[in-house]
Every structure is written in C-alpha cells, then in structure tokens.
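**Student:** Chains as they are written, first to last, in this note's numbering: chain A, 1 to 203; chain B, 204 to 406; chain C, 407 to 609; chain D, 610 to 812; chain E, 813 to 1015; chain F, 1016 to 1218.
Fair warning: there could be bad hints in the mix.
Stated by the list, open to error - Taking beta-carbon pairs under 10 Å as the criterion, some of the chain E residues facing chain F (in silico):
1. ALA873
2. GLU988
3. VAL989
What the hints assert, rightly or not - Sample of chain D residues lacking proximity to chain E, with all beta carbon distances greater than 10 Å (derived):
4. SER614
5. SER636
6. ILE637
7. PRO638
8. LYS701
9. ASN707
10. SER720
11. SER727
12. GLU736
13. ASN740
14. THR742
15. GLN746
16. ILE776
17. SER804
No wet-lab data here; the hints were simulated from the structure.
None of these values were measured; they are calculated from a predicted model.
Ideal Cβ positions, reconstructed from N, Cα and C, are used throughout, including at glycine.
6 protein chains.
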Amino acid sequence: MTSISFLSNIITLKRIPRSGWITHGVSIPDVESVADHTFSACALSLLLTDLERERGVRVNAERVLRMAILHDLAEALTFDISKSYLSFLGKKGDALKNDIEGSAWKYVARSVGSARLSERYVKVQNEYVSNSTVEAQIVHAADGIDILLQILELRRRGYPSELFKGIWNETVKKVEVTPIRSAKQLLRIVSREGSKHAHSQIK
Amino acid sequence: MTSISFLSNIITLKRIPRSGWITHGVSIPDVESVADHTFSACALSLLLTDLERERGVRVNAERVLRMAILHDLAEALTFDISKSYLSFLGKKGDALKNDIEGSAWKYVARSVGSARLSERYVKVQNEYVSNSTVEAQIVHAADGIDILLQILELRRRGYPSELFKGIWNETVKKVEVTPIRSAKQLLRIVSREGSKHAHSQIK
Amino acid sequence: MTSISFLSNIITLKRIPRSGWITHGVSIPDVESVADHTFSACALSLLLTDLERERGVRVNAERVLRMAILHDLAEALTFDISKSYLSFLGKKGDALKNDIEGSAWKYVARSVGSARLSERYVKVQNEYVSNSTVEAQIVHAADGIDILLQILELRRRGYPSELFKGIWNETVKKVEVTPIRSAKQLLRIVSREGSKHAHSQIK
Amino acid sequence: MTSISFLSNIITLKRIPRSGWITHGVSIPDVESVADHTFSACALSLLLTDLERERGVRVNAERVLRMAILHDLAEALTFDISKSYLSFLGKKGDALKNDIEGSAWKYVARSVGSARLSERYVKVQNEYVSNSTVEAQIVHAADGIDILLQILELRRRGYPSELFKGIWNETVKKVEVTPIRSAKQLLRIVSREGSKHAHSQIK
Amino acid sequence: MTSISFLSNIITLKRIPRSGWITHGVSIPDVESVADHTFSACALSLLLTDLERERGVRVNAERVLRMAILHDLAEALTFDISKSYLSFLGKKGDALKNDIEGSAWKYVARSVGSARLSERYVKVQNEYVSNSTVEAQIVHAADGIDILLQILELRRRGYPSELFKGIWNETVKKVEVTPIRSAKQLLRIVSREGSKHAHSQIK
Amino acid sequence: MTSISFLSNIITLKRIPRSGWITHGVSIPDVESVADHTFSACALSLLLTDLERERGVRVNAERVLRMAILHDLAEALTFDISKSYLSFLGKKGDALKNDIEGSAWKYVARSVGSARLSERYVKVQNEYVSNSTVEAQIVHAADGIDILLQILELRRRGYPSELFKGIWNETVKKVEVTPIRSAKQLLRIVSREGSKHAHSQIK
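Start from the sequences, fold in the hints, and give me the full structure.
**Tutor:** Dropping the structure here:
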C-alpha cells in the first residue's frame, strides 16, 4: 500500500528552496521552492510536447509528463544539491550528484508501496538521466527554459542582471544544443526578452 | 507564435499565494504558492492514475496530467479567488467564480499563439469544470487530497488543528463521494494520520 | 453587546496583504497589509481636513475620520479584491465589487452588537461609496495619495519604476479630478518627487 | 507648505516593526508594524467613543481620532522604543522615553509646513501624554486593548500563551483602572476569550 | 594582499541558511544563518574555555577561538551540507563531506592573500577535523550545545518537540562523551531545561 | 553555576535585527541579525590581528577575540539601539547609549554565574568602550569594516547606493582615523570595490 511517507515527500518539496538562487544573491523569501520549479518544468514540457506535435514529431506525452513530475522528487530527501558543492571535487562531482540522487530516488520509489510501480518509477528516473529519448530531451529543455524565465522575472523585479550572468550564459549554452526544435524557438523568444531588459537597464 | 506572456503566466504562479491559508491563520511565509499546490496536484494525479490502472480501470494519463497542469493556470490573472469572497453573494457565488475563471482562462489560452492549441486548452478547462470523466474526477480528488496533506504538514509543524477544522471536514466530505476507488484509499491513509496527530496533541 | 468577532476583524486586517502589489511584482514580505494602508489613509485624511480648513472650507472631521477608519474593514472578510479579477467580467466587474463588499460590510456592521451603531456604520460605508460629499472626497483623495507615496517608497528602495507605470498613471488621473484643492497640492508635491526619482535612475 | 518628509514619515510607519514582540519570541514576519497597531488603536478608539456616547457620556470624537492617528507618528524617527531598553536606567527610563519621543514629535510636527498646524499637533501629543481628558483616556484604553487582542490572535495561531504571560497581566492591570466604562466592558469580553483559549490548551 | 573574495565569504555566511532545520520542519524565516550558528559556537567556546581554566585545565584560548571562528567559513562555498544528503551514500558519506569541505577550505584559505596565513588557516581546519586536542574538543562541544539551545528556543516559541526528537537525542549522545568536564555541566543545565519544557507541554 | 539565562542571551542575538538597516530602507528579511554582525566582526578582528602581527606589531589575540565576541552581547537585552533615537537628545545621546548598554552588560555578566568571570567580562566591555588599546582599536575597526562590506553586499543585490550614502561616508570617516595600519589597507580594498560598483550603476 502507498505509504504516508511517499505522500509526505510530495508535500515537502513545497518547502525545499532551490538553494542555488541564494548563492546568486537572491533574497531568501524570493527563492522559489523545488515544487515551484517542477510545476513550471511540467507546464513547459507540455507546451513543448504540443508544439513538437504540431510540427509533426511523434512524442509520447504521458512519458514526458511522468518524467517532468518525478524528476526532482528525490530532492525532498537530498535537497537541491547545488553544483558549487561538488565543483570542489572536480570531475568526480557530477558523477557523485547522480549517485546520491539515484540512491535517494530508489528509496523514494520504494515507498510508493507497489513493487511494480516502484520499479517503473526507477525506470522513469533512468530515462531522464540518460537523456537519449525525445521525451527526456523535452524535459531537459523545459528545465533549462524555466531557469532563463526565472532570471528574467527576477531582473524585471529589480535584481541586477550582473548577478545572473554566469548561470544565464551557461544555461543558454545547454539549451542551444537541444535537438528539440520548438525549444530552440522558445529560447529565441526568451533571449530577445533578455536583451530587451538589459537594454532598458543601460539606458 | 507562443507569446512571452503565456510563458510569464507560468512563472507568475510561483509567486501567487494560495490566499485561503492566510484566512485560516497561517503565517504569510508558510503559505504555499499556487504553483506549489499545482505541482502536488500533478504528482497525486499521476499516482492515482497508476493505482487505478493497477486495479484494471482504463485511464487516459495524458488527459489527466494535461488537466492537472493547466487547471489553475488562470490564477496567474485572477489570483486564488477564495470562497469567502463569494459567499457574500449567496448561491450566485459559485457560478460567478466559474465565470471569472472561465473568461480569464480563455484569455490565457489565446496567448499560447496557435489557434488550434488555444482551442484545445479551453476544452481541457471545460472538461475539468464539468467533472464528469474519470480523468477529471482524478484531478478533483488529487486537488482535495493535496489540501488534506497540506493541513497535516502545517499541524505537524505546530499550527493548532483548531484552525483547520472547517476546511478539513469540508474537504473530507468532498473526497468521500469521489467515484475513484484509489482516492478513497488514500483518503483513509490521510485520515488515519490526521487522527493520530490529533491524539498526540491531546495527550 | 459588541461581539468578539467585530474585534477580531480589526486585528485580522493586520495580516491581509494588499494583494495588488504582488501582481505588480513586489516581493511578498514587502507587501503592506490592509491595516498599513488604512492607517496611512487616516493620517492623510486628517492632514487634508486640516489643510482644507486652513483654506476656509468647512469640513466635518469626525465624519472624515470615521469613513477613513471603516472604509476597508470589510476586507477582513473579502480580502483585498483586486481589480484584475473583475476585469474579466467587463463592465459588470465594478458593480460586482461594490456588491460583494457591501454585503460583507453589512455582515461586519451587524457584529458591532448595537442595532443603532450597526445602522450608522452602514451609512458611513454608503457615504464613502457614493463619493458625493466633501468628506468622502477627502478620503478618496487620501486613498489615492497613499498609493502614490507607497510607489515612491518602493522605487526608492530599488524596485524599478517600470513595474508601477500603469498604476501610477491611473492613480494620478483619479486624484487629478478631485474637487479637494489641498489634495491637488499634495499631488503636485508627490509628482515632483516622482519625476526626481525617475531622473536619478536614468542618469 | 507640507514637506515630502512629513508624508514619508507616515509611509515609513508601515515598515517599522513593533519590536517588543520580537523580544517575546514572535517570529519576525509575524511581528506587526507600528502602522498596523495604530490602525487598530484608531478603530478601537472609534468604537469606544461610540459606546461611551450610547451611555450618554459626552466625547469629542474628532479629538479622540486625531490623537489616535498621531500618537505613534514620531516612531518613524525613534522606532518603537521598547521598555526593556530603558528599564536598565531604573526610574529615569520612563521620563527619558517621553523626552526622546517629545523631541522627535516636535521635529515631525514642524515638517507639516504650517506654523499653526505644527503647534496644534504638538498640543495633541501633549494631551495624549498627560492622559487627563476623557479623550486621551479612550486612546490609552484602545492602545491596551489592541495589545490584548494581538496576543489572543498570536495564541490562536499556535504561539504558546507562556510567551505573553508577563505582558498580558501587565496590560490587563493598566486597562482595569481606566475610568472609561466601555473599555472595562471590552476588557471583560477579551479576558473571557483569553481564559477560553488557555483552557483549550491545557485539556 | 587580502582579496575582496576572502572578505565576501565572511559576509556571505550571514545569508546561508543552516538547511538542516528546514528538513526538520522549521519555517524558512525562523532558520538561523551559518553566521548565527558560528557566533553562538564562538561565545560558547569562550565560556567553556573560561570554565575549564577555572577548574585548573590549561587551554590555549587563542587557538580555541581561531578554530571556532573559522570552522564553518568554507560553507560560504559549500553551503551547509546536510547529513541527509550523504546518508544515501552509506559509510562513504562522512568521508565525502570532509573531502568536499576540505577542498573548499583550501580554496578559501588561499584567498587570504598571504602564503603563510593561508597555510596556517589550513592547519586550524585540520586540527578541528581531527578533534584530538583539548582546544578542538571544546569547539566540538560548543557546536553541539548550540544545537541543543537552538532546539530549546524553537520549542519555547511553539515548535512541537516531536520535530526535533531525533536530532536532540543524537546531539546529546555526541556531547555526553566529550572529555571536556564543563561541557558536561552545561549539558546537564540544558537537559534539565529540555525536560522542563517537555513537561509543561504534556500538562 | 552558569545560568540558563546567560546561554539564552547568546541564542537570542540570532533573532535581534540590526534595526538601523530598516531605517535605511532594507527589507526586513534582508536585515542581518546582531549575531550575524558579531560573527563578521570576530572574523575580521582575527584577520586584522594576523595582518598586524605579520607587520611585526604585538597583539594579544585572545583579548581581541574575547572583546569581539562579547561586545554586542548586551543587545540581547537592549536591542540594537539606533543612533537616530538618541540624536533627539543632542549631546546627551551618546553618553546615554553607553549608560544603558553598560547597565545591561553588568546584568548579563552577572548571569555567567561566577563572580570572577563576571568581573572579568565587565572589564572586557570597559576596554572596548574606552578604545585605547591596540586590541580594542582592532575590534572597532573590524566593526566598521563589516558595515562597509554589508553595504557593498546590499548594493550588489540591487539596493540603490543612494540609500547608504550617509552611513557609508560616516563609517569611512571613522575607520580612516584608526591607528591600525592593516585596517586602513582593508579600507582601501573596500573603497575601491565601492567606487567600482557605483560606476557600473551609472553606466
């Protein structure tokens, strides 16, 4: 039977801050929760799925959304492990992050209370990490676009664009190489908005 | 083309408080965002879908998740219209809420930038409001279970259960009559947890 | 006898956020409460009363202050109904807002526990809504000037003036047509301050 | 002419925390502003005025409300000077508080920009401090009742009554000796509510 | 020369939340910063040094305080790595935490801008981690006593003691085995206070 | 024996805001605690001690750190008495602040529970106030440099430099006349950073 702890993990994500923003200088009450981010990644994944289909690409929407909903659930246990932590371990860092989150994920999946479901949820996570299907690539692109939109929002509300220069460029680079065409199109919309704002700050 | 305003609406939901909790006495920084709630409704909808399928019920997961993701998007424009507002209008209140949210929803859907998508998103909203398909009933049940879990979480952290007596009972009543069997099962798990806590406060 | 619920309504206003500011992009902890705003409207109403009298205009100060204190009390029940909600109803919106707040107000007034007082408080609210006496016009002007001063304060603390362009212009327009001469004078002081700040941001 | 600094003082009070609550253990976002408190003192002063008049007592409502609105305005400059500060000076403490606030008040009143108004506002403050007219006594009683209601509100939301035992008893003692009969009546209502809550916590 | 980045690290610690408290259910604005904790560890280390000396034990106060001040400085880069993260790696977890923090620490120490100072600061960190001198043991004990006092403070303000049962017991166990006699004495004072509170909650 | 109240004072400092920042326009959740500031003053005092020693100056590090740790402890009782309060008393203001804090300090020191320690802690405070030893001058310089670094941090995160012009200049002036050479060197680093930021805002 589904355990209360699986349900609690869902609720807990509403309170876990995306701690990377604190590092970038965002005030704590302005830091989004992991749940906030996941919702946005879900909505953008849905939009990308629909736009891809309009272009004639076959996409399994159920699998996309399943991945989008579950991809950060383990952070109820591991928190939002920021990259800066692990950068001190050099190359080992990234592997380690996947290691920790993978173990946590198995722990979470087990609490769903049905062996079959649990196994299935582990597979979803693996598909996301391997990033080799159209469906996984859509979720990765949505994840990046959410970061860019969040930066635009923070800048619009008065945070200096200086604070986000590093993460902005790094994220743009990641999304640029996506094979998902509609994601590139959204990236253009977002980038244009970004340079508009930068302009209005200079003048 | 997808307009930046459709994307902004998604991001805005991270900052809109579920204002009903303020009325119940929750401190403002402890009030979840509409995005927080929507994420949880998505995850619970997915779980219910999977549990129903294990029982042999046919469910269209894509439609469930689409509805769960979109069902509160118009609140970026209308805010979380609390019931107490509208109770002062008597019976007209509920109809009015649907009216306002329906108009707002059409406005949002239009900004997606494709006539076909826009039309489709309006249909999703209508299916949710009419609440007559298995898929819509799953999302409604998930919506209610999220409220109960959120109350448990607030009580666990020190909020007196007195504050939530009204909304707890009202929500239990709503979920009890759901035709979704797995939702009733989750309700039992949640209720048991609820009385356990109440007990530990008395002793 | 005065019921505890009348007293509670007063205290509750300290916790109800003026939710319009959230829509404009203000961080939640920087959003004033309805009580914060009402205090400021009271103080500005008193100042306008005194300035008008210095100019020889007869003003009933008691009635002015009574209106200023009570004009938003019903928001303890209805919250701060933002205009954006109701704009989706078109012209019906404004009438509706008055409708909801009027019903709520009668409910609140009844809890004061004396039929005579209760009736009197309803009259105060009606005078405010009709906006046809000098006293009501003073409170309306004070209400608008508070909004402008609050915007100046938020801009001074780093919020971009872009965020408030719409509401600034709309409020200036409303105050400009007031028949209260001292209010126009305050408006000039506030507007000058406003363009000074805008200037210092450009340079 | 009225200076912008007089207007700024009004707005500033929305951001000055009533710092005594921090000392008592209240979380910072739950601490009311000085403006929050002043609004409540105004509304309670109005209610007491109306109740006294119903009993046949003659009260000058304008003077009451004027005092209620202005009585804490100088705290925009002096902050909310908590008693604990000054207790370290023994008997000199109270005199000192009046001294500091008196000087600040004169400074504020001067900025109103009219010698006559400025003088008048200083007199209002003096009447409040001397506490010898019916009008001043109403404002003092309202000030105390607001503190008691605020404690009830904090307890209702989960703060242990232990935190406020000292200030509760001290404030009850102050209000008990008021010559304002309606204030004693409100005190009974509030006290009854207070013991009800205490009871529900014990059981 | 000392680089601005060394100075920035100090300031950054004021904004890094001790994220473990979030996991335990504490509201985000009630979560102390790493700087808050470090200050308390310094003050308790000083007190323990003085108490030990009164008992005739020789303690190098300079070394104690140096360690207390510097022991968490690397968290400006690594954040407060909570144990729960690493528990998913089993036994490797603790070693890993020291690894990450050790690398970060070297990075920070280098920015002090003098090879000799930098080397010295690395030694301080090593002494702290090895925990084999009286001086290091004092800082470790102070670190634990601060956690216990912080729990008492949170409980006093209304957080249920349930939330902290695990971390309370675990920390008591750690401090109990300290060779520092004065620390055991403080532990007794703190424990007595802890059971007093628990009692008052039950009754 | 050490009383629990001495220990509580330490913990309380984590919650006392440095209220001066509120006056300057900083949002309440961005206001550091007194403990935050004290930690930073400790770390900067340690750095200055080490830099002075590298220059061949003899400094008693234990005495420096003892003073840095204890210098604001009395603010657990007196709060952070802002200068603006006392400016209304003219010249008497400064003397008064020392008076209040001195009495509070004696009260705190007594609670340490050993006559000898208590006496010693009072001496530490006196040395700090008299500001005539190298050790005291280091702590005073560190106190000022922390204020400047905190301003840089707030500006970097979007607060306009206008808000801090007064306190920035006043603090620079104070640190400029320090006899501590390394403090002047840090001041140069900080000032250069300050004008860099100002520049980037203008362009």
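**Student:** Could you run down the list of hints and mark each one as holding or not?
**Tutor:** Hint by hint, here is what the structure shows:
no.: 1; hint: ALA873; in the structure: holds (4 Å)
no.: 2; hint: GLU988; in the structure: violated (18 Å)
no.: 3; hint: VAL989; in the structure: violated (21 Å)
no.: 4; hint: SER614; in the structure: holds (31 Å)
no.: 5; hint: SER636; in the structure: violated (5 Å)
no.: 6; hint: ILE637; in the structure: violated (6 Å)
no.: 7; hint: PRO638; in the structure: violated (5 Å)
no.: 8; hint: LYS701; in the structure: holds (30 Å)
no.: 9; hint: ASN707; in the structure: holds (32 Å)
no.: 10; hint: SER720; in the structure: holds (34 Å)
no.: 11; hint: SER727; in the structure: holds (40 Å)
no.: 12; hint: GLU736; in the structure: holds (39 Å)
no.: 13; hint: ASN740; in the structure: holds (34 Å)
no.: 14; hint: THR742; in the structure: holds (40 Å)
no.: 15; hint: GLN746; in the structure: holds (35 Å)
no.: 16; hint: ILE776; in the structure: holds (15 Å)
no.: 17; hint: SER804; in the structure: holds (17 Å)
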